[in-house]
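A.B. asks: Given next are the chains, with one letter for each unit.
Number of protein chains: 2
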Amino acid sequence: MSEPAVDVNEKGDSKKAQKKEAKKAEKAAKRAEHRANTDNAQENVNEEDVSQGKYGTLPLIRSDTNAVKRDFTYIKTLNKDLAGKVLWVRARLHTVRARGKQSFIVLRQHEYTVQAILNVSETVSKAMVKFSSNITKESIVDVEAQLAKVEAGVAGCTQQDVELVVSQIWVVSASAPQLPLQIEDASRPEKADDAEGLNIRVNQDTRLDNRVLDLRTPANQAIFRLEAGVCRLFRDTLTERGFTEIHTPKIISAASEGGANVFTVSYFKGSAYLAQSPQLYKQMAIAADFEKVFTVGAVFRAEDSNTHRHLTEFVGLDLEMAFKYHYHEVMLTIGDMFTAIFRGLRDQFAREIAIVGQQFAVEPFTFLDPPLVLSYDDGRAMLAAAGVEVGPEDDLSTPAEKLLGRLVKAKFDTDFYMLDKYPLAVRPFYTMPDPNDPKKSNSYDMFMRGEEILSGAQRIHDPELLSERAKHHGIDLQKIASYIDAFKYGCPPHAGGGIGMERVVMLYLGLDNIRKTSMFPRDPKRITP
Amino acid sequence: MSEPAVDVNEKGDSKKAQKKEAKKAEKAAKRAEHRANTDNAQENVNEEDVSQGKYGTLPLIRSDTNAVKRDFTYIKTLNKDLAGKVLWVRARLHTVRARGKQSFIVLRQHEYTVQAILNVSETVSKAMVKFSSNITKESIVDVEAQLAKVEAGVAGCTQQDVELVVSQIWVVSASAPQLPLQIEDASRPEKADDAEGLNIRVNQDTRLDNRVLDLRTPANQAIFRLEAGVCRLFRDTLTERGFTEIHTPKIISAASEGGANVFTVSYFKGSAYLAQSPQLYKQMAIAADFEKVFTVGAVFRAEDSNTHRHLTEFVGLDLEMAFKYHYHEVMLTIGDMFTAIFRGLRDQFAREIAIVGQQFAVEPFTFLDPPLVLSYDDGRAMLAAAGVEVGPEDDLSTPAEKLLGRLVKAKFDTDFYMLDKYPLAVRPFYTMPDPNDPKKSNSYDMFMRGEEILSGAQRIHDPELLSERAKHHGIDLQKIASYIDAFKYGCPPHAGGGIGMERVVMLYLGLDNIRKTSMFPRDPKRITP
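Chains A and B are the protein sequences, given in the same order. Using this note's numbering, the letters of the first sequence correspond one by one to residues 1 to 529. Using this note's numbering, the letters of the second sequence correspond one by one to residues 1001 to 1529.
Keep in mind the hints are simulated off the structure, nothing from the lab. Hints are not guaranteed to be accurate.
With the C-beta cut set under 10 angstroms, the calculated list includes, among others, these residues of chain B facing chain A [to be verified]:
#, residue
1, F1104
2, D1214
3, L1372
No more than 25 angstroms apart at the CA atoms, straight line, and that leaves these computed lysine to any residue pairs for SDA-like [what the hints assert, rightly or not]:
#, chain 1, residue 1, chain 2, residue 2
4, A, K324, B, T1077
5, A, K324, B, P1177
6, A, K479, B, R1526
Here are some, though not all, of the chain B residues that point toward chain A, as calculated from beta-carbon distances under 7 angstroms [claimed, not checked]:
#, residue
7, S1175
8, C1231
9, L1233
10, E1245
11, I1246
12, H1247
13, S1253
14, F1263
15, S1266
16, A1287
17, D1289
18, Y1327
19, A1486
20, P1492
21, F1520
22, R1522
Note that CB positions come from ideal geometry on N, CA and C, so glycine has one too.
Take these sequences, add in the hints, and give me the full structure.
C.D. replies: Put into structure tokens, the structure is as follows:
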């Protein structure tokens, strides 16, 4: 293998540089390169170094035209069938320890780890072993190595039947020596019954303050790959069923739902608001004949709630659908969509679920196909039988929801169900009243492990009834004129719902805090990083 | 077929209603129902009406438990093979005209239209024909009809070889009689050479003020279905290539790129900003080992630009990717992704493209596979040969970009190309300087029909060089501390880019204004509807 390219033409070129700016940039880059060469040189004081040119710190990779071309192998593909092969791996140095004439490195790539060893030998110098044992944790290294079978099994690595016998090692990007958190600590099992239960863990704020490090843990790698799967399954399932994806504005002129909990934006010489949901816009898309629509996007809530399940900004998975005669056409479509998502996660993300399970106590998520539908009154009756009375026109409290989730799980063995026909009094003004019972409404919530993850309903598509209901709720009709007008020119009956993406991932995996499923969470006290 | 359900139990139930709120809702709903029955009754003054129960206005569809169940047929599936069949269609009444004992209705569903006729006969009364001819345009109707072959061809309908002979017609949702714009006017061809060129059109503001109507035109139905296709192709292509979808916060603590053109948000007792791009967050995802990421989401620019191609809020299609030695690994991945999108649009959206072409002068979009890459200096040379001098460290002006687009199209027959190696001086602080030429940078723009739709580069992944460059650009290092810190703990070299979704759709179709490809556009003067 050839040596990493070092650009020898640069000095000549920099002399020609005319602009101050360009010069400065050049200087900083040179300094980085100089550092690199110095590091290397220090190791090379011994002129007899048999490993010269086989290790060191690479110059900053700046896409040099003379850059080498090289195939790299993913750690996850390493297994004993490849034993004997010489290959290159670019990975993080997870840990390193020196022992006599050897250094033992654990290389990490996403959720995978493999052991790499350096032995002083005819081709590997003492200086090279020493260099490798001084590489800071979390640095990115390029390693050339021969893959060797290991009979005993490598403890603590995902690749247990092989190790890498290193012939070259180059630092691509060095980490600062002091880490604000250790990946091992951040990865440590948090299960109550774990033997390591008393060891150091990393608290939530430290994790979030240093999110770039925290996200490198196997569990976090798995959580966010699974989260991407939730979005993909949501969209693919709906696209298959004839839905069209739309995009709705986040900057809106009026706080639609009464004006509470809304963020204000300064908008040129005036002001505007951040949308609390795409509700009105997806309904307009229905009135505009798109028939079935969904949208995935940021949703903002200026609620000063510091709980395990509230964020001020989250990702809404929203859908809306015209129906013919009964909103259950929509409710059951949503239920089937959830079944498709749960099935997809179970079948396509088993590995990710298992990896999360190594750190957190994950109970497998159970669901029925078709999903369970309970009426609100059925739910109240189950709660009453358990000693919790909920009035016929009252909403469920969060503890009541959780209890009902446990009762449903015990009786029906499902972590997902739909609760239909909420009291009219506890739903937004645009909810269609039940035609058969004036106290009820054509609305539903859906739950995962006893927590609400979707709220939805048939919407009022008649402008007169809508105005009436808005007035009743004390909403200034002028402020929602364009919303009401959307229904003046003919609109099919329709229903829909909004889902909190982060909640779905949190509850599917059985995690205890929504900050674990938002890559860069926002709450009343946090807007960094 | 049975009559539409009318709920006869409601009066009894409403007597039992106790809450004021519920009563009010009921009353409004009753009023809507009363209106419906009255409309019907007025038509039925003639006791001899042979069509009684076959037409009228349905009560408001509120998901009655006794609702009929009925299969509906989509207009797009109607063809002469189905002739003779009796079927139900729910569609908009596009136009209606009465002529003697007949009424001719055009029914519209998305981009499809079909003629429906009512003839006075033994089963169709004069009153029914009269009722049908008085239904307001844009109302939604349920029609029962027998499908009949038409030999001559139905002018002005998409379904030319069939028509519907109506046996029942019910208004599901009535439109107000006065429309702020006519769908025919809003759908009229806008091509310079069109025979209808001098007829009434609808101006942009009227369209946007009444977007729910405007979006019903065949061209708009097609544009936004194609736009959904762009997003799907973007995501699917990248997912196939191992990218992970991420979500980045829109509310941020510091205006990252110098503080200009940023919207301020009041955030509880403090203030925050709306992100101008997911730049810093997708880079953090790279530093956090996600390797290849993309994100689709709202992007905000507080620029007071009132042009055909600027919005204050648009949808960003962003991606970022770690590479091994040269940023061209990324640039070419992006180029291939565009080829996949263009191929997908051409193959999967031919009908939509044709429909847009009926209203607007659409030139087919040409592209090469693999795509054309020009160096910035090549581009400058082509411009110089055409008489336009651009300095080696100057940016391209918009007119120069457009001219270059025409020159490239003439020479290479492609509407898409990539321009590589921009001057360092015109790129953001985090752009990697070219190692071989200090005046240049490892950056690229991509163009469709001569307009920029992607800007991208290798980013500086070394914290020291990054700080140096930020200082040079006059950026307060404290404000971007968490960004710079992201690279302190090892980061692979990486590059990426950001794409304006609405621009891609506008330029792919050759439309003249970005407001045509944003469902609810936001500009300095518009934040409604």
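A.B. asks: Against this structure, judge whether each hint is valid.
C.D. replies: Okay, the hints, checked on the actual structure:
1. F1104: 19 angstroms, violated
2. D1214: Constraint on D1214(B) satisfied, holds at 8 angstroms.
3. L1372: 20 angstroms, violated
4. K324(A) with T1077(B): 18 angstroms, holds
5. K324(A) with P1177(B): 24 angstroms, holds
6. K479(A) with R1526(B): 15 angstroms, holds
7. S1175: 4 angstroms, holds
8. C1231: 6 angstroms, holds
9. L1233: 12 angstroms, violated
10. E1245: The hint holds - E1245(B) has a Cβ within 7 angstroms of chain A, the shortest such distance being about 4 angstroms.
11. I1246: 6 angstroms, holds
12. H1247: 5 angstroms, holds
13. S1253: 4 angstroms, holds
14. F1263: 5 angstroms, holds
15. S1266: 5 angstroms, holds
16. A1287: Holds: closest Cβ of chain A sits about 5 angstroms from A1287(B), inside 7 angstroms.
17. D1289: At 5 angstroms from the nearest chain A Cβ, D1289(B) passes the 7 angstroms test, so the hint holds.
18. Y1327: 5 angstroms, holds
19. A1486: 5 angstroms, holds
20. P1492: 6 angstroms, holds
21. F1520: For F1520(B), the interface hint holds, since the closest Cβ of chain A sits about 5 angstroms away, which is under 7 angstroms.
22. R1522: 5 angstroms, holds
Going through the hint list in order, the structure does not satisfy hints 1, 3, 9.
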